[in-house]
Amino acid sequence: MSLKSPLGRVLGLGSAGTGTEHWLGQRLSAVAMVPLTVWFALSLLGLPALDFYAVTAWVAAPLHAILLVLLVMALVYHSSLGTQVVVEDYIRSSGPRAVVLALLRLVHIALAVAGILAVFLIATRAPL
Amino acid sequence: MSPVSRPLSPHLQVYRWQISNTLSILHRLTGVALSIGAIALVSWLLALASGQGSYAQFSWIFTSLAGQLFLIGWTFCFFYHLCNGLRHLAWDAGYGFDKSVARRTGIAVVTAASLLTLIFWVLALARVAE
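Chains as they are written, first to last, in my numbering: chain F, 127 to 254; chain Y, -16 to 113.
If you are wondering where the hints come from, they were derived from the structure by calculation, not from laboratory data.
Wrong hints could be hidden among the right ones.
Once the Cα atoms are required to be at most 20 Å apart in a straight line, the calculated SDA-like pairs of lysine to any residue come out as [said to hold, decoys possible]:
#1 LYS130(F) / VAL(-13)(Y)
#2 LYS82(Y) / VAL(-13)(Y)
#3 LYS82(Y) / LEU72(Y)
#4 LYS82(Y) / ILE8(Y)
#5 LYS82(Y) / SER7(Y)
#6 LYS130(F) / TRP0(Y)
Here are the computed distance ranges between Cβ atoms for each label pair [claimed, not checked]:
#7 TYR216(F) / ARG(-1)(Y): 19 to 25 Å
#8 TRP165(F) / SER33(Y): 37 to 43 Å
#9 SER33(Y) / ALA187(F): 41 to 47 Å
#10 LEU52(Y) / LEU247(F): 27 to 33 Å
#11 ALA187(F) / ALA76(Y): 19 to 25 Å
#12 TYR(-2)(Y) / ALA180(F): 47 to 53 Å
#13 ALA187(F) / VAL84(Y): 41 to 47 Å
All values derive from a computational prediction rather than experimental measurement.
For every residue, glycine included, the Cβ atom is placed at its ideal position computed from N, Cα and C.
So here's chain F without its partners, still in its complex pose (with noise of 0.2 Å):
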C-alpha cells in the first residue's frame, strides 16, 4: 500500500502544460496554405512551359519570389509539426525518439534554408 495521497498520486500525471502552441501553429500554417498551395497549383498549370526559362521567369518575378518563400516556410513548419505528432505516436521508447524527433526538425531546417535559398538565388539570377 502506497502511503501517498490521493492527491498525490494523480499529481504530474496530467496533459505536459504545453500544446496550445504546436496546435495553433498547425492551424494557422494551414489556413495560410489555403491560398498560396491553390497559387501555386493554378500558376504551375498558367505558366506557358516547364522548362528552364520560363519557370526561372516565373519565380524571378518579386510577387512570385515573395510568394514562393512564404509557401516554403508555411510548408517547411507545417511538415515538421505533423511528422513530429506521427514520431510521438508511433515511436514509444524515450531514446530513439529523442534522436528521431532530432533529426526530423533539423531535416526541416535544412529543407527551409535549401528552399528559400533557392528561391533568392533564382530571383536574383534573372534577367538571363
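Position chain Y relative to chain F; hints supplied.
Below, chain Y alone, put in the same frame as chain F:
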C-alpha cells in the same frame, strides 16, 4: 515514478472499420507523403537555382513514367489533405460534428479530391499536347 501500464489507444481490433477512421488515417498518410513531396519541391527549386544542366536532369526524372506517377500521387495527396484539412478546420470551429454530416462531408472530401486531381492532370496534359 515507475511507469504505469495503461490501456493504449486506438484499439484498432475492437472497433468496426468505418469511413471516419479511414479518412483520418488517410489524412495522416497523405500528410507524410506530402512531407516527402516537400523535399521534391525544394529539390526542384534547388535544381532550377543550380542551372540549366541540373534542371534538365530534374525534369528528366519527373517526366519519366515513374516520376509522373509520383507527381499524380502527390497531386491526389495534396487535394485530399487540402479538402480534408478544411473539414478539420470546420471541426475546430465547432461545425460538422453530427454523425450524418461528418459522413457526408467525408464522402464529399474524397470525391472532391479525386475530381480535382483528375481535372488538374487533364488540364496539365492538355497544355503539354498543345
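Each hint, compared with the structure:
Our distance criterion of 20 Å between C-alpha atoms is met by LYS130(F) and VAL(-13)(Y), whose separation comes to about 16 Å. For the given pair, LYS82(Y) sits about 34 Å from VAL(-13)(Y) by alpha-carbon distance, which is inconsistent with the 20 Å threshold. With a C-alpha separation of about 17 Å, the suggested pairing of LYS82(Y) with LEU72(Y) holds against the 20 Å cut-off. Between LYS82(Y) and ILE8(Y), the direct Cα distance comes to roughly 18 Å. Compliance with the 20 Å bound is thereby established for this hinted pair.
For the hint pairing LYS82(Y) with SER7(Y), the CA-to-CA distance comes to about 14 Å; that is within 20 Å, so the pair holds. Between the alpha carbons of LYS130(F) and TRP0(Y) the distance comes to roughly 42 Å, so the proposed pair goes past 20 Å and is violated. Taking the beta carbon of each, TYR216(F) and ARG(-1)(Y) are about 23 Å apart, inside 19 to 25 Å as hinted. For the pair TRP165(F) and SER33(Y), the supplied restraint of 37 to 43 Å is violated, since their beta-carbon distance comes to about 25 Å.
Our hint of 41 to 47 Å for SER33(Y) and ALA187(F) is violated, since their Cβ atoms are close to 20 Å apart. For the hinted restraint 27 to 33 Å between LEU52(Y) and LEU247(F), the CB-CB distance of approximately 30 Å keeps it satisfied. Here the CB-CB span from ALA187(F) to ALA76(Y) is close to 35 Å, at odds with the stated 19 to 25 Å. Remark: the range hint 47 to 53 Å for TYR(-2)(Y) to ALA180(F) is upheld by a beta-carbon distance near 51 Å.
Between ALA187(F) and VAL84(Y), the C-beta spacing of about 42 Å keeps the proposed range 41 to 47 Å intact.
Hint compliance for this structure: hints 2, 6, 8, 9 and 11 are not met, and every other hint is.
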